[in-house]
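Chain by chain, the residues run as shown.
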Amino acid sequence: AQSVTQLDSQVPVFEEAPVELRCNYSSSVSVYLFWYVQYPNQGLQLLLKYLSGSTLVKGINGFEAEFNKSQTSFHLRKPSVHISDTAEYFCAVSRSNDYKLSFGAGTTVTVRA
Amino acid sequence: DAGVIQSPRHEVTEMGQEVTLRCKPISGHNSLFWYRQTMMRGLELLIYFNNNVPIDDSGMPEDRFSAKMPNASFSTLKIQPSEPRDSAVYFCASSLTTFSYEQYFGPGTRLTVT
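Chains A and B, in that order, are what the protein sequence lines are. Numbering follows the working numbering, with no gaps: position 104 of the first sequence is 115. Numbering follows the working numbering, with no gaps: position 39 of the second sequence is 41.
Do not rely on the hints blindly, as some may be mistaken.
Now the stretches of chain A that chain B is said to cover, found in silico as 3 or more residues with beta-carbon under 8 Å [said to hold, decoys possible]:
| hint | stretch |
| --- | --- |
| 1 | 49-59 |
| 2 | 101-113 |
Pairs of lysine to aspartate or glutamate, EDC-like flavour, derived with a Cα cap of 16 Å [unchecked claim]:
| hint | chain 1 | residue 1 | chain 2 | residue 2 |
| --- | --- | --- | --- | --- |
| 3 | B | K80 | B | E104 |
| 4 | A | K111 | B | D58 |
| 5 | B | K70 | B | E85 |
| 6 | A | K111 | B | D59 |
| 7 | B | K80 | B | E20 |
| 8 | B | K80 | B | E13 |
| 9 | A | K69 | A | E31 |
| 10 | A | K111 | A | D96 |
| 11 | B | K80 | B | E16 |
| 12 | B | K70 | B | D59 |
| 13 | A | K111 | B | E46 |
| 14 | A | K60 | B | E104 |
| 15 | B | K80 | B | E64 |
| 16 | B | K80 | B | D59 |
| 17 | A | K111 | B | E64 |
A few chain B positions that, by computed beta-carbon distances, are all more than 12 Å from chain A [stated by the list, open to error]:
| hint | residue |
| --- | --- |
| 18 | V14 |
| 19 | M17 |
| 20 | G18 |
| 21 | M62 |
| 22 | D65 |
| 23 | S68 |
| 24 | M71 |
| 25 | P72 |
| 26 | N73 |
| 27 | A74 |
| 28 | S75 |
| 29 | F76 |
| 30 | T78 |
| 31 | T99 |
The hints are simulated quantities; they were obtained by calculation from the structure and are not laboratory data. Don't be surprised by glycine CBs; every beta carbon is placed ideally from N, CA and C.
Can you build the whole structure from these sequences, using the hints too?
What follows is the structure, given as C-alpha cells:
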C-alpha cells in the first residue's frame, strides 16, 4: 500500500515570500501524485497533478511541484505567496490506474502581511 | 456549474439518533466518493460508487454506516445509530470517470454527535 508523509504540519510565511511544502511518499509500484488545497470551511480543490511526463508540474494560482522519483518526493512551491493562499494543503498519492487516493495529514499555511 | 452540493452543512444530533447526509454530484460525473475528515485520522475514503453502483465500501467503519446512490444525481450516507465518535466533517466528491484523476469535492457536512 502507498502512504504519504507531509513533513510540516504548520508553515507560517510572510506575504510575497516564497513557500515550499514538503511531501514524501512510499510505494512499491508506480504512482500518481496530487496536491489539493482546502480553504477555510470549504471542500478540497485540486491544485495540480503528476501522472507522467515532465517532472515539473505547474498548477493553478502560481503553484508548481516537482516529482523526484529517486527521493520519492513531490514538493509544492510558490515563489511569492498572497494572503489568500492561507489554507490547508494536502498531498495525495494513488497507484497508477487506481481511483483510491491516500492523503497526507495536511500542512496549514498561514500567510501574514 | 453549481459544483458538488451537500446538505446539510452542519448537523448536531444526540447519540443514538439517525443521521442522513445528502450529496448531489456534478451533472455528468459517473464516480462518487464519500470521505470522512477528522483531526486524528485525516481524510479517509468511506465508499466509492461508479455508475450508481457501490464498488468499494471497505472504508465504511461499521454496520452503523450505510450509503446509497439511487440515481446519478443523488447519494446519501446514513449513520444509525450515531455515536459521539462519528463527529467529523463528511465530504462527498465526484469525478467524470473513475480514472479522470480529478475529484471535485463538496463543501462538506460538519456532524457533531453529543
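Hint check:
Here's how the stretch 49-59 of chain A fares: 6 of its residues keep a CB closer than 8 Å to some CB of chain B, so the rule of at least three is met and the hint holds. As drawn, the stretch 101-113 of chain A meets chain B at 6 residues by the rule of a beta-carbon pair under 8 Å; at three or more, the given contact holds. For the proposed pair K80(B) and E104(B), the alpha carbon gap of about 26 Å is over 16 Å, so the pair is violated. This hinted pair checks out: K111(A) and D58(B) have alpha carbons roughly 10 Å apart, not beyond 16 Å.
A C-alpha spacing of about 20 Å is found between K70(B) and E85(B), which places the hinted pair above 16 Å, so the restraint is violated. Annotation: proposed proximity of K111(A) to D59(B) holds, straight-line Cα distance about 12 Å (limit 16 Å). Restraint check for K80(B) and E20(B): satisfied, since their Cα atoms lie roughly 7 Å apart, inside the 16 Å limit. Of the supplied pair hints, the one linking K80(B) and E13(B) holds, its CA atoms being roughly 13 Å apart against a limit of 16 Å.
Proximity of K69(A) to E31(A) is assessed by CA-CA distance (about 14 Å); at most 16 Å being required, the pair is judged to hold. Using a Cα cut-off of 16 Å, the hinted pair K111(A) and D96(A) is violated, with the two alpha carbons roughly 27 Å apart. Taking the CA atoms of K80(B) and E16(B), the gap is about 15 Å. The hint holds against a cut of 16 Å. A distance of roughly 11 Å separates the Cα atoms of K70(B) and D59(B); the hinted pair therefore holds under the 16 Å criterion.
At most 16 Å may separate the alpha-carbon atoms for a hinted pair to count; K111(A) and E46(B) meet this at roughly 10 Å. Restraint check: the Cα-Cα separation between K60(A) and E104(B) comes to about 8 Å, which is no more than 16 Å; the hinted pair holds. At roughly 12 Å between alpha-carbon atoms, K80(B) and E64(B) fall within 16 Å of each other, so this suggested pair holds. In summary, the hint linking K80(B) to D59(B) is supported, as the alpha carbons are separated by about 13 Å, within the 16 Å threshold.
As the CA atoms of K111(A) and E64(B) are separated by approximately 20 Å, the hinted pair breaks the 16 Å bound. With a least CB separation of 16 Å from chain A, V14(B) remains clear of the 12 Å interface cut-off, as annotated. Against the 12 Å criterion, M17(B) stays outside the reach of chain A, whose nearest CB is about 25 Å from its own CB. Listed as a non-interface residue, G18(B) keeps its Cβ farther than 12 Å from every Cβ of chain A; the least gap is roughly 28 Å.
With a minimum CB-CB distance of about 14 Å to chain A, M62(B) clears the 12 Å threshold, and the non-interface call stands. Its beta-carbon lying about 22 Å from the closest one in chain A, D65(B) satisfies the requirement of being farther than 12 Å from that chain. The beta carbon of S68(B) sits about 20 Å from the closest Cβ of chain A, which is more than 12 Å, so the claim that it is off the interface holds. Interface exclusion of M71(B) from chain A stands, the closest Cβ pair being 15 Å apart, more than 12 Å.
At roughly 21 Å from the closest C-beta of chain A, the C-beta of P72(B) stays outside 12 Å, upholding its exclusion from the interface. The beta carbon of N73(B) sits about 21 Å from the closest Cβ of chain A, which is more than 12 Å, so the claim that it is off the interface holds. With a least beta-carbon separation of about 17 Å from chain A, A74(B) lies farther than 12 Å from that chain, consistent with its non-interface assignment. The beta carbon of S75(B) sits about 18 Å from the closest Cβ of chain A, which is more than 12 Å, so the claim that it is off the interface holds.
Against the 12 Å criterion, F76(B) stays outside the reach of chain A, whose nearest CB is about 18 Å from its own CB. With a closest Cβ-Cβ approach of about 18 Å to chain A, T78(B) is found to remain outside the 12 Å limit, as its non-interface label requires. With a closest Cβ-Cβ approach of about 9 Å to chain A, T99(B) is found to fall inside the 12 Å limit, against its non-interface label.
Checked against the numbered hints given earlier, the structure breaks hints 3, 5, 10, 17 and 31 and satisfies all the rest.
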